[in-house]
Amino acid sequence: MRPPCVLLLEAAGPESGAIAATAAASGYQVHAVTDPTTHATYSPDLQRLLTGCLLTDFSRPETALKDIVGYARRIGADAVLTTNEYLTELLAQACAALGLPGNDPARAAAARNKADMAEAFARHGVTAPRTRIVDGADELWRWCAVGQITFPCVIKPADGAGSAGVTVVIGPEQLEPGWHAARAASVMYGLPRDERVLVQEYVDGPEFSIESVTQHGVTTHLCITRKHTTGGIHRVELGHTLPARLPAATERALFEEADRAIAAVGIRNGATHTELVLRADGRCTVLEIGARLGAGHIGVLIQHALGINPWRTLWDIALGRSTAATPARGGYATVRFLTTRHVGRLAAVTGLPTVSTTIPAVQVRAVDGAPVGPVTSNRGRLGHVIVTGHDSRAVDDQADRILRQITITVVPGSQS
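1 is the number of the first residue of the sequence shown in this note's numbering; add one for each residue after it.
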């Protein structure tokens, strides 16, 4: 019997690299789909994992879909998968065309596009922020003039990701900068832009995410992740800790809202990452959902804390194999991202801890001389440290101590 042949839509990035490595280690033939520009960044180690690679133009989705389906049929692909936020809709369409396990292609856009998502949430009774979808700046000013926009509010692009272009606006004078920030947010692969902008109610409270897997329409929630975020006008995630231990009633409320969101956007097979806020009165509000495993090393945290291999779990679902995804241990893990408030060029990062059993990962991804500054999206992170252990508070305390010991030296220089 030949080994499974699997196709990964995009192999670049830490999550994609991990899922490619897991498939290759399991004896699978691993093929990837990417564009020529991104393919040029593939490391030699990544290229050695791949049996083959299809280059296509993601900026032309209809052409890319035809290319992917044709390539999958030629290689006899048994599964198609992605961990890339921008390719989840394309994945649903490809799986449907190939008759492979996937999500509802008719609703897949609602798991990617925030405007479509807000409308799907409203139709399916998901508790979400009040949202207005703005087609043009004149409409924004008109609503403000008649008191239809309250402050604070959140302005975000319809097709953004990684907190790019998201602004917390506290007064009318910040509407125009927020609007322009949303419109300026870049879209990966040169995909067609959705020019709509969302104006949402600002929901105050601690932020969490639910990491889940769904197979044949049945969802298993792996854990709740507690978010560490910046304040101010840009709410960038500075860390994740999991599993978050909350009162049973609170956990049930979070899971119930996540279930509604998962159903609303047509998730049938695969991972979901549902972001929520817990209000002071105990109500849960869904901010958004992604039809993918949580980024920011959440998959690695799940491995260390729970003993679940999320990459193998996702391949099993994509291959149509049954999977239990049951925690094998009861630990905790956190990731903290390295950032700086200073504008200039990176000169040095010192005071980094040594990798050990409780500190399994330490990485600086920014190179010396790189332009740096205050983070306005996840792309501004300079590196990360992961800490694990058996006590949640001890893990968080150790991570905080490590951050205080790290010095990031920035010298004057242009960010352009």
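In case anyone wonders, no lab produced these hints; they're calculated from the structure. For clarity, every value in this text was computed on a predicted model and none was experimentally measured. By construction, the Cβ of each residue, glycine as well, lies at the ideal position given by its N, Cα and C atoms. Don't take each hint at face value.
Stated by the list, open to error - Beta-carbon label-pair distances, calculated as ranges:
no.	residue 1	residue 2	range
1	43	132	29 to 37 angstroms
2	249	13	35 to 43 angstroms
3	249	70	44 to 52 angstroms
4	356	43	24 to 32 angstroms
5	36	358	19 to 27 angstroms
6	342	322	32 to 40 angstroms
7	231	73	48 to 56 angstroms
Can you give the numbers of the hints that this structure goes against, from lowest to highest? Hints 1, 5, 6 contradicted; others consistent.
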